[in-house]
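Trainee: Numbering (numbering that gives the first Met the number 0), first residue to last: 0 to 167.
Worth flagging that the hints you see were computed from the coordinates, not collected in a lab. All C-beta atoms in this analysis are idealised placements derived from N, C-alpha and C, irrespective of residue type, glycine included. Be aware that a few hints might be false.
[Claimed, not checked] Keeping only pairs whose Cα atoms sit at most 25 Å apart, straight-line, the calculated DSS-like set for lysine-lysine is:
#, residue 1, residue 2
1, Lys62, Lys158
2, Lys148, Lys158
3, Lys62, Lys148
[Claimed, not checked] With beta-carbon atoms standing in for the labels, derived distance ranges:
#, residue 1, residue 2, range
4, Arg111, Gly69, 26 to 32 Å
5, Ala154, Asp54, 17 to 23 Å
6, Ala59, Asp90, 24 to 30 Å
7, Leu116, Phe19, 44 to 50 Å
8, Asp90, Asp153, 25 to 31 Å
9, Gly89, Pro24, 40 to 46 Å
10, Glu20, Ser88, 46 to 52 Å
11, Glu66, Asp90, 19 to 25 Å
12, Phe22, Gly89, 45 to 51 Å
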Amino acid sequence: MKQSGGYIRVISAPGQGSTFEVFLPVADGAASPAGQPQRPQTSGGSETVLGVEDDDGIRAVIKRILERAGHRVLEATNGAEALRICDASGDSVDLVLSDIAMPEMQGPDLARRIRELHPRMAMLLMSGYAESASQQEGFLTDGVEFLGKPFSPDALTRKIRHILDGAA
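Generate coordinates for the entire structure from the input sequences, incorporating the hints supplied.
Mentor: Right, here's the structure in full:
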């Protein structure tokens, strides 16, 4: 909550239960009318994206977002699996989207290995930890980009489009 600029207020009384009030900052842009989903403002693409995320739920959401944007999505649960997929796929993977904090092999280590083996493959690292964002200068070199969690579907697709179009 703090990382997103919000906070939670808890009101609790013995025998009466608890109330949790969640306060979030106002989002940029206009809200969609009730019952109408907001349409993405960016065009998708037909490129192949490899999503590397150890959390099954987050990986499933990312896959759904990217497929709706027109991308072909491959999935890996860790760095070693991602390297195997990249090697087997050759140059058919256009972008690797990886969490930073993962067991066995951290995202920056994966990015370095992939950039050594596949120098043209684009890399996008993501993290929900503020310290990762503040330390990004150490690994955001040579075609590696960063996106902080949480992010909207539009923010993710815009960032990926930006990278794939060579504007990064």
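Trainee: Do the Cβ positions of alanine 59 and aspartate 90 conform to the proposed distance bound of 24 to 30 Å?
Mentor: 26 Å Cβ-Cβ, so the 24 to 30 Å window holds.
Trainee: Quick check on a hinted range of 19 to 25 Å for glutamate 66 and aspartate 90, using CB atoms only.
Mentor: For glutamate 66 and aspartate 90 the Cβ distance comes to about 21 Å; the hint holds.
Trainee: So the hint says 40 to 46 Å: do the beta-carbon atoms of glycine 89 and proline 24 match that?
Mentor: holds, 44 Å
Trainee: I want to verify a distance hint. Is the separation of the beta carbons of aspartate 90 and aspartate 153 within 25 to 31 Å?
Mentor: holds, 28 Å
Trainee: Under the criterion that the straight-line Cα-Cα distance not exceed 25 Å, is the pair lysine 62, lysine 148 satisfied?
Mentor: holds, 15 Å
Trainee: Between lysine 62 and lysine 158, is the straight-line Cα distance small enough, at 25 Å or below?
Mentor: Given pair lysine 62, lysine 158 holds - Cα atoms ~15 Å apart, limit 25 Å.
Trainee: Between lysine 148 and lysine 158, does the CA-CA distance stay at or below 25 Å?
Mentor: holds, 13 Å
Trainee: For arginine 111 and glycine 69, compare the CB-CB distance with the range 26 to 32 Å and indicate the outcome.
Mentor: The hint (26 to 32 Å, Cβ to Cβ) holds, given that arginine 111 and glycine 69 are roughly 29 Å apart.
Trainee: Take the C-beta atom of alanine 154 and the C-beta atom of aspartate 54, compute their distance, and say whether it sits inside 17 to 23 Å.
Mentor: holds, 19 Å
Trainee: Against the range 44 to 50 Å, how does the distance between the Cβ atoms of leucine 116 and phenylalanine 19 compare: consistent or not?
Mentor: holds, 47 Å
Trainee: How does the Cβ-Cβ distance of glutamate 20 and serine 88 compare with 46 to 52 Å: does it lie in that range?
Mentor: holds, 47 Å
Trainee: Kindly confirm whether 45 to 51 Å is satisfied by the beta carbon distance between phenylalanine 22 and glycine 89.
Mentor: holds, 49 Å
When held up to the earlier numbered hints, the structure conflicts with none and fits them all.
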